[in-house]
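Just so you know, the protein sequences line up as chains A and B, in that order. At position 4 of the first sequence the residue is numbered -8 (the working numbering), and the sequence of numbers has no breaks. Remember, the working numbering sits 69 above the position in the second sequence when you count from 1.
The hints are simulated quantities; they were obtained by calculation from the structure and are not laboratory data. Hints are not guaranteed to be accurate.
[What the hints assert, rightly or not] Far from chain B, by Cβ distances over 12 Å, these chain A residues were calculated: (1) E17; (2) D19; (3) E27; (4) A28; (5) F38; (6) L48; (7) D50; (8) L53.
[Stated by the list, open to error] Calculated lysine to aspartate or glutamate pairs in the EDC-like style (CA-CA distance at most 16 Å, straight line): (9) B:K597 x B:E519; (10) B:K459 x B:E568; (11) B:K284 x B:D313; (12) B:K149 x A:D(-1); (13) B:K614 x B:E568; (14) A:K80 x A:E17; (15) B:K149 x B:D169; (16) B:K146 x A:D(-1); (17) B:K547 x A:E65; (18) B:K149 x A:E65; (19) B:K146 x B:D169; (20) B:K547 x A:D50; (21) B:K378 x B:D392; (22) B:K260 x B:E347; (23) B:K459 x B:D389; (24) A:K80 x A:D(-1); (25) B:K259 x B:E562; (26) B:K149 x A:D50; (27) B:K284 x B:E330; (28) A:K35 x B:D103; (29) A:K35 x B:E102; (30) B:K459 x B:D392; (31) B:K385 x B:D463; (32) B:K459 x B:E372.
[Stated by the list, open to error] Covered stretches of chain B, going by a simulated chain A footprint (3 or more residues, C-beta under 8 Å): (33) 111 to 125; (34) 537 to 550.
As the structure is a prediction and not an experimental result, all values here were calculated from the model. Don't be surprised by glycine CBs; every beta carbon is placed ideally from N, CA and C.
What follows is each chain in one-letter form.
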Amino acid sequence: MKVLTANRLTDGEAVWFSPGKFWAETIAEADVVDDKAGEAELEAAGKAAFANNEVVDVELIDVELVDGDIRPIRLRERIRAAGPTNRLDLGKQARTAA
Amino acid sequence: MYRYDEFDTDFVNARVAEFTDQVDRRLAGEITEDQFRPLRLMNGVYLQLHAYMLRIAIPYGTLNTGQLRMLAHIARKYDKGYGHFTTRQNIQFNWPALSDIPAILADLASVEMHAIQTSGNCIRNVTADHFAGAAADEVADPRPYAEILRQWSSVHPEFSFLPRKFKIAVTGAERDRAAIQTHDIGLHLKKNAEGELGFAVYVGGGQGRTPMIAKKIRDFLPEKHLLSYATAILRVYNLYGRRDNKYKARIKILVHETGTEEFARQVEAEWEALKDNELTLPEADIQAINAYFAPPELTARPEGDQAVKLARLDSKSFADWVDQNVITHRHPDYAAVTISLKGIGEAPGDASDSQMEAVADIADQYAFGEIRVSHEQNLILPHVARADLKAVYDALVEIELATPNSGLITDIIACPGLDYCALANARSISVAQDISTRFADLTRQRDIGELKLKISGCINACGHHHVGHIGILGVEKKGAELYQVTLGGSADEHTSVGEIIGRGFGPDEITDAIETVVETYLAQRLDKSENFLAAYRRLGPAPFKEALYGGEAKAA
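Can you make the complete structure from the sequences, with help from the hints?
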């Protein structure tokens, strides 16, 4: 399973492409695909958004579903999705705690 | 300290205007990311995991209080209330919006700071001994020469697109606190038999995936030839350094592959051709730059000895702090103070906006308005009257920056690691926090004695793990973090690269492993005067391997 992620051009915020065809600020809103056709669709959306100067560093990443939550396979992507592990008051994790 | 002249001011302002226009055009979609990326990197703007990162140069680690207050202001207004001091004496902000960076750079320019050449294949911020101008063992202040190198290397047309980045460090004392032998060029300022100033020149040191100790290619270079000789080195490197392979592009590889003798011959030949041209430094120019670094007028404060004596009797915690974080100054009534940014369990090198402002206030009141950033990620007050040490200590306690651990096992260098950095493979900060918490007890730390523990979250080695007495390198193995331990590294005048001790440890094992290493040292040392590094050099890796891996080590 994969989701499409990037950083927003204006402020660098980590974002994920959502089924609503916009760049969401949390991974929970990401569009999860599990076949080649879905991946191709996401990649095309990423290329278009990059060309349109909305986002940079566009990448398809591997995820799994854990109790219905989207969880990236790599720690790097889990930290991107949550925030620094030493500062729970920063990043996306700070929003859910609030 | 150095003050911008008209040329410097115009140059920095022009660069701010230029980059502001480039950001505007990028945000308007008029230039692509591929076009913009090299431009933003030239101005210190990286993209990391959560956001952009802005790396700001702190030339030779010297700040005045106005500059430190501006860094606090930037942290508060544009970032998330803190900054991260780095192993290159710089500061990084981890959360700025690209759209705010022109305003940040304009604010920085107003206090004579910038982010130019903090990235890219150019000559980076020149670093120096953080006790420069204060240390009792110093021959001369290395910072005027670092400043001369800064002026020469700023947007140097010939050296702006080198094969790879290039780092220069300068020390003015026999005891090397600037890690010069781990730099592309290391300069040791000293006097010859005639009492003239000059440099021992080291070339080809570096860390990263291929750690190398710099080779001395000249024992004494008269000071006036600093720029012509540096030019000769850079020319040889620019001509012969590899551009086909990023991992073999640093000058350390060129020196290694060419051979030190032949490399030195090439440099000397190049230098012969240009040594008495316009690059020769006129004595008047050296004096003019030196004048900027004239030490503050240190009036006699002989009451300091008695004041410290009484305060020590009154407060054990003050006594501990003086013993650990205060060093001898060249003036007997004064001291140099290390402000530890390594609170127990804290992220190494981080300081909040209010802490930065408070340190600026303390420096204004008690330390002639001068602050240094050390490559060990601490702040320094270089000139404090001993009579004022208690007041400084009390003020630092107020802002939780009085941790008495300078040079001890919890004074850990750590890169930002996978919590922030796009290049990292594993976390560094969390490991530092765990180890710091495990060894929190000061009595235990002081019993262990001097121990430099350095952690990098990837092979690029920003956390200097190769030269830690104990080094930790985080790698990613099968999707999980794994930490390799190296022992016996050192970044002083007897620089050595640590040896990998064996298989790595998981995040839940690494602190135990470090404790095992430390306990092995304690059991094996001759006595307390033999520090960890000396004991390791005497014992070699065997007892540590045995303690860490037991029978497994024998089988292997």
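A quick look at each hint next to the structure:
{"no.": "1", "hint": "E17", "in the structure": "holds (17 Å)"}
{"no.": "2", "hint": "D19", "in the structure": "holds (21 Å)"}
{"no.": "3", "hint": "E27", "in the structure": "holds (20 Å)"}
{"no.": "4", "hint": "A28", "in the structure": "holds (22 Å)"}
{"no.": "5", "hint": "F38", "in the structure": "violated (7 Å)"}
{"no.": "6", "hint": "L48", "in the structure": "holds (17 Å)"}
{"no.": "7", "hint": "D50", "in the structure": "violated (10 Å)"}
{"no.": "8", "hint": "L53", "in the structure": "holds (17 Å)"}
{"no.": "9", "hint": "B:K597 x B:E519", "in the structure": "holds (10 Å)"}
{"no.": "10", "hint": "B:K459 x B:E568", "in the structure": "violated (42 Å)"}
{"no.": "11", "hint": "B:K284 x B:D313", "in the structure": "violated (24 Å)"}
{"no.": "12", "hint": "B:K149 x A:D(-1)", "in the structure": "holds (13 Å)"}
{"no.": "13", "hint": "B:K614 x B:E568", "in the structure": "holds (11 Å)"}
{"no.": "14", "hint": "A:K80 x A:E17", "in the structure": "holds (12 Å)"}
{"no.": "15", "hint": "B:K149 x B:D169", "in the structure": "holds (13 Å)"}
{"no.": "16", "hint": "B:K146 x A:D(-1)", "in the structure": "holds (15 Å)"}
{"no.": "17", "hint": "B:K547 x A:E65", "in the structure": "holds (15 Å)"}
{"no.": "18", "hint": "B:K149 x A:E65", "in the structure": "violated (21 Å)"}
{"no.": "19", "hint": "B:K146 x B:D169", "in the structure": "holds (10 Å)"}
{"no.": "20", "hint": "B:K547 x A:D50", "in the structure": "holds (14 Å)"}
{"no.": "21", "hint": "B:K378 x B:D392", "in the structure": "holds (12 Å)"}
{"no.": "22", "hint": "B:K260 x B:E347", "in the structure": "violated (24 Å)"}
{"no.": "23", "hint": "B:K459 x B:D389", "in the structure": "holds (12 Å)"}
{"no.": "24", "hint": "A:K80 x A:D(-1)", "in the structure": "holds (14 Å)"}
{"no.": "25", "hint": "B:K259 x B:E562", "in the structure": "holds (14 Å)"}
{"no.": "26", "hint": "B:K149 x A:D50", "in the structure": "violated (30 Å)"}
{"no.": "27", "hint": "B:K284 x B:E330", "in the structure": "holds (10 Å)"}
{"no.": "28", "hint": "A:K35 x B:D103", "in the structure": "holds (14 Å)"}
{"no.": "29", "hint": "A:K35 x B:E102", "in the structure": "holds (12 Å)"}
{"no.": "30", "hint": "B:K459 x B:D392", "in the structure": "holds (13 Å)"}
{"no.": "31", "hint": "B:K385 x B:D463", "in the structure": "holds (13 Å)"}
{"no.": "32", "hint": "B:K459 x B:E372", "in the structure": "holds (13 Å)"}
{"no.": "33", "hint": "111 to 125", "in the structure": "holds (count 6)"}
{"no.": "34", "hint": "537 to 550", "in the structure": "holds (count 4)"}
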